[in-house]
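Enquirer: Listed below are the residues making up each chain.
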Amino acid sequence: MSKQQTDLPERLRTMGATSLEQRLLEAAGRERPSRELSERMAQAIGVSFSVPGGTSGGANTGTATGTAAKASSTLVPWLSAAVVAACFAAGAYVVTRAAVKPAAPLSTALPAQSAASAPSALVSPAPASTPAEARSPSAAEELPARSAVPQRGRRGTAGAELAPQIALVDAARSALSAGNAARALSIVRDYQSQYPSGTFRPEVAAVKIEALVKLGRTAEARTLAERFVVAYGPSPLAERVARLAQLAEP
Amino acid sequence: MVNWNLLARMSETEVTRAQAVVASDADRARLARMFADHHVTVWRSLRRRGLSPDEAADATQETFMIALGRLADIPADSERAFLLGTARRVAFTLGRKTVRFQLDDDMDLRISSARDGGDAHADLQLCDLALSKLNPELAETFVLYEIEGLSSPEIAALLEIPLGSVASRLRRAREQFREVVSRIERDLSRIQGRS
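Going down the list, the sequences are from chains A and B. Following this note's numbering, the numbering of the first sequence begins with 1 at its first residue and continues without gaps. Following this note's numbering, the numbering of the second sequence begins with 1001 at its first residue and continues without gaps.
The set of hints was computed from the structure by calculation and includes no laboratory data. Using N, Cα and C, we set each Cβ at its ideal position, and we do this for glycine too.
Selected chain B positions facing chain A (in silico; Cβ < 8 Å):
| hint | residue |
| --- | --- |
| 1 | Ala-1036 |
| 2 | Met-1065 |
| 3 | Leu-1126 |
Pulled out of the complex, with its shape left as it was, chain A reads as follows (with noise of 0.2 Å):
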């Protein structure tokens, strides 16, 4: 293992560029977010954060502050969805630390229909009562068309339900890094029972895809890699699931 790093080459700015390639590897290398850009993802976020000796552009400030403020909102679903969950499991520690430290400026900003709109992955009933859920799954529904992948969202639920996507999909993929493909692909049907229009779709389907490559079922594989390749592709995914499926290059 020391060995295979070992061998990698010296990074090529400290060695052997030319000039131009070091000219360019260093101004990538130096870019930074404006002091605006900074300022604004910080209030985002909910952290301070000022840059040591930076100079403002001051150019766009109204701006920065209108986009800034939009996306706080997106901190708004999170908070209200707590608060949300917070009542429905009054006298759990949840609601005994909000209780310690309520979200106060924040709250008092709550728009009454933010606490309505709380991310269904917190308030929604459970998602076998859906209708995409009461309908029998198929192979084409797994693998929407590319216009039906959901655009990543400065509408405020977006981010507020990926951290959850997230841990099924690390989830799924350390059951299938630990050698278990059905644990795998059972949380793979959870997440496709949950999120019906999940943001992760097509990282779910490709570790669908490789879970039934490791189980031997390498027709069904194929089936949803081509189909995989003709939704998502060309991409990183699509190569790696046709590599997987033994596709032919997408």
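Assemble the complex: chain A is given as a structure, and chain B must be docked to it using the hints.
Expert: For chain B alone, kept in the frame of chain A given last:
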């Protein structure tokens, strides 16, 4: 009245996230430190995927919001790898077409335009141009190693590939990068010769 049914349906992760929302001072402090230490790297890694400064900022803040919900799962010595890995996944969700540069083959035009933008800006544009010509999988490894300075074990863990694959991707990425830069250099000389 406690809705035990709902509570039972909440996964452990969701409870953890609810906890994170009412994060302790220690968690907030850790997030602030992580942001100070790593937000530039995360933002820059997203820029090298072809996102605009604003898009990269949006994806960066989404990355840190995810981290906020998972602080307990992030080992202290893996914060950067966790953030870069999460940023990578966030980038993949942005609508695949926006993740890579919008390309055309008119390198002359791009090079001329880059030359007009001032040296630092021009170099940055040329670097992005060169990266955009690489196989995306190779470019990803190249950026992490050559620009962001990650070690090969970090890259292997982040991309979920063997160490040997990191080395081979890097070797191929270098070959492609150097070939493209050399072509850019030839074109630059030709353009300068004309002006």
